[in-house]
Amino acid sequence: MGMPISLALRGRHAADDRGRAAWAEVMAALRAVDRTFSTYRDDSYVSRLGRGELELADCPPEVAEVLALGAEAERDSGGAFSVWRTGPDGTTVLDPNGVVKGWAADRAAAALRCLDATDFCLSAGGDLVCRTLEPGAPPWRIGVEHPDDPGRLIAVVPVATGAVATSGTAHRGQHLVDARTGRPPSGVASVTVVAASLTMADIDATAAYARGEDAARWLGARPGRTGLVVWADGSATPVGSGTTAVPAEA
Amino acid sequence: MRRIVLWFMTTVTIVVLLFGYSTSTSGPSAVGGRTSAVSAGVPVSGGTSSSTSSASARTVSGPTVPTQWGDVQVVLTVDGSRITDVSVPVYPNGNGTDAQINAYALPILIQDTLNAQSAHIDMITGATVTSTGYLQSLQGALDKAGL
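Chains as they are written, first to last, in the working numbering: chain A, 1124 to 1373; chain B, 23 to 169.
Pulled out of the complex, with its shape left as it was, chain B reads as follows:
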């Protein structure tokens, strides 16, 4: 229960620092130099897997999959035929020593359009996260939303 509480009722302070980093030949162009501390309480979007606002939404628990680092379980929130949320309530993070080697986990494919903010994404990996593509990128949207 404590794990789920941490997941959805997190009170961590998140500082997102946004800075444009460029070579001196083009001049120091700062995309933005703002810092902000955001205390995230209850998640904003209604599509969480603890309770859903839509009557047709339901949670689907995937199998608990054993990995070399421990068990992993994925829970999807499904609204009709669309996946609206993905959470990982069972994650190999047992005692302190396990935490050292529980570096990383499995990519979970999303088969439908899932909004980066409603999926509670912290950061984006992708080839368009560059200065030219940044403002239109999901990372740009995430950083802007976090400020």
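Chain A with its partners taken away, still in its complex shape:
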């Protein structure tokens, strides 16, 4: 399972060896996470753990950390989000992808945070984390893809420092289900969440999406989030205090 990684740097180390070295560290960190967590690799710790071939104690400590985040998300989402999903043949599969993607990119970004006087915007498969240090610099302009038409934008979010994650149906092959029903949630096309950390933005985007028609209300009750829920009928609900929407044209 591949995932494109895009990085934009601006400032002191944008084009020097330190910037390039930080980029290499980001990629190395993401590859290490993939070896441990990939559900597309039979030999990853998560795959083996899911098949019962291993105990949690046999796995690197990051696995326990991610599963703990997954348990917390399951609780907070009222069971709509779960790292355990039931496959079509009735077997239970361990699939922490809704947690791992944001968590991994957050950790990988540590190498970028070490770059002094350097702003960054790192996107891992459409989940991104940004930092702006330069006083007065414009925020990073994040385009939100339209879930019905990936060639179009539906919104723009300016982010100086923070994270953005999107969960949606446009991703072929992704198994986003409401764990309470075992079926894909109805009524919602995509959820975009803006938060201070990418780990939380990713978890909340996945959990809100799993809530289906309840997505906007659930996300609005999460502290410190802004976001956007795009419904299956094409309408959109911004979420967050003081959010203003451009009114739809008649």
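These aren't lab readings, by the way, just hints derived from the structure by calculation.
Computed from a prediction, not measured in an experiment: that's the story for all the values here.
Quick reminder that beta carbons are idealized off the backbone N, C-alpha and C, glycines included.
Any given hint could turn out to be false.
What the hints assert, rightly or not - Ranges of calculated distance between the beta carbons of each label pair, as one might list FRET restraints: (1) A:Ala1194 x B:Thr81: 44 to 54 Å; (2) A:Glu1336 x B:Thr81: 35 to 45 Å; (3) B:Thr81 x A:Ala1319: 23 to 33 Å; (4) B:Arg80 x A:Glu1336: 31 to 41 Å; (5) B:Thr81 x A:Arg1171: 51 to 61 Å; (6) B:Arg80 x A:Asp1239: 39 to 49 Å; (7) A:Asp1356 x B:Arg80: 27 to 37 Å.
What the hints assert, rightly or not - Here are some chain A residues the structure puts well away from chain B; computed CB gaps all over 10 Å: (8) Glu1148; (9) Leu1179; (10) Ala1180; (11) Glu1188; (12) Ala1194; (13) Pro1211; (14) Arg1236; (15) Cys1237; (16) Ala1278; (17) Gly1305; (18) Arg1306; (19) Pro1307; (20) Gly1335; (21) Asp1337.
Mind docking chain B on chain A? Use the hints.
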């Protein structure tokens, strides 16, 4: 005035690194391994809100909205009935300590087709930014344009 100058006449150096990241079972497939430094001067597209080339284009300033992090104002450039640009000239980014907590802002809905490049988008969030959808995605187009 300085803020607007930074916004439209930015001289930051942007490095966009494009790399395909895949598991070892499918082999290391690099979508592209190129790096490039682009010094962006005056924005390429004519649809900016400081001056517009079309006679019918105009800027519409939205209300200044107070948020818990400070005031935010949105300015739209409208050409006829189409929104052709969105900018945020007033952004809560006052003194240094404020900058720490001015993490993020409000999603601004765009009601009409707005090109990612003319909207000066830096990065895309979306569910199709995966290796299979990447080349057709807006992110793919952005990265390609930046190289």
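These are the hints, each one checked on the structure:
1. At about 50 Å, the beta-carbon gap between alanine 1194 of chain A and threonine 81 of chain B stays in the expected band of 44 to 54 Å.
2. Taken as a hint, the range 35 to 45 Å holds for the pair glutamate 1336 of chain A and threonine 81 of chain B, whose Cβ atoms sit roughly 37 Å apart.
3. Remark: the range hint 23 to 33 Å for threonine 81 of chain B to alanine 1319 of chain A is upheld by a beta-carbon distance near 32 Å.
4. The hinted range of 31 to 41 Å is satisfied by arginine 80 of chain B and glutamate 1336 of chain A, whose Cβ atoms lie roughly 39 Å apart.
5. The hinted range of 51 to 61 Å is satisfied by threonine 81 of chain B and arginine 1171 of chain A, whose Cβ atoms lie roughly 58 Å apart.
6. Checking the proposed 39 to 49 Å range against arginine 80 of chain B and aspartate 1239 of chain A shows it holds: the Cβ atoms sit about 42 Å from each other.
7. For aspartate 1356 of chain A paired with arginine 80 of chain B, a C-beta distance near 31 Å keeps the hint of 27 to 37 Å intact.
8. Distance check for glutamate 1148 of chain A against chain B: the nearest CB is about 12 Å away, which clears 10 Å, and the non-interface claim stands.
9. At the 10 Å boundary, the C-beta of leucine 1179 of chain A stays outside the reach of chain B, the nearest C-beta of that chain being 22 Å off.
10. With a minimum CB-CB distance of about 25 Å to chain B, alanine 1180 of chain A clears the 10 Å threshold, and the non-interface call stands.
11. Listed as a non-interface residue, glutamate 1188 of chain A keeps its Cβ farther than 10 Å from every Cβ of chain B; the least gap is roughly 21 Å.
12. Residue placement check: alanine 1194 of chain A keeps its beta carbon more than 10 Å from all beta carbons of chain B (closest about 25 Å).
13. The Cβ of proline 1211 of chain A lies farther than 10 Å from every Cβ of chain B, with a closest approach of about 21 Å, so its non-interface assignment holds.
14. With a closest Cβ-Cβ approach of about 14 Å to chain B, arginine 1236 of chain A is found to remain outside the 10 Å limit, as its non-interface label requires.
15. Look at cysteine 1237 of chain A: its CB is around 16 Å from the nearest CB on chain B, clear of 10 Å, so calling it non-interface holds up.
16. Against the 10 Å criterion, alanine 1278 of chain A falls within the reach of chain B, whose nearest CB is about 4 Å from its own CB.
17. Every Cβ of chain B is farther than 10 Å from the Cβ of glycine 1305 of chain A; the closest lies at roughly 21 Å, confirming the non-interface assignment.
18. Listed as outside the interface, arginine 1306 of chain A is consistent with that label: its C-beta sits roughly 18 Å from the nearest C-beta of chain B, beyond the 10 Å cut-off.
19. With a least beta-carbon separation of about 13 Å from chain B, proline 1307 of chain A lies farther than 10 Å from that chain, consistent with its non-interface assignment.
20. For glycine 1335 of chain A, the non-interface assignment is confirmed: its Cβ lies about 16 Å from the closest Cβ of chain B, beyond the 10 Å cut-off.
21. Under the 10 Å C-beta cut-off, the non-interface status given to aspartate 1337 of chain A relative to chain B holds; the minimum distance is some 19 Å.
Checked against the numbered hints given earlier, the structure breaks only hint 16 and satisfies all the rest.
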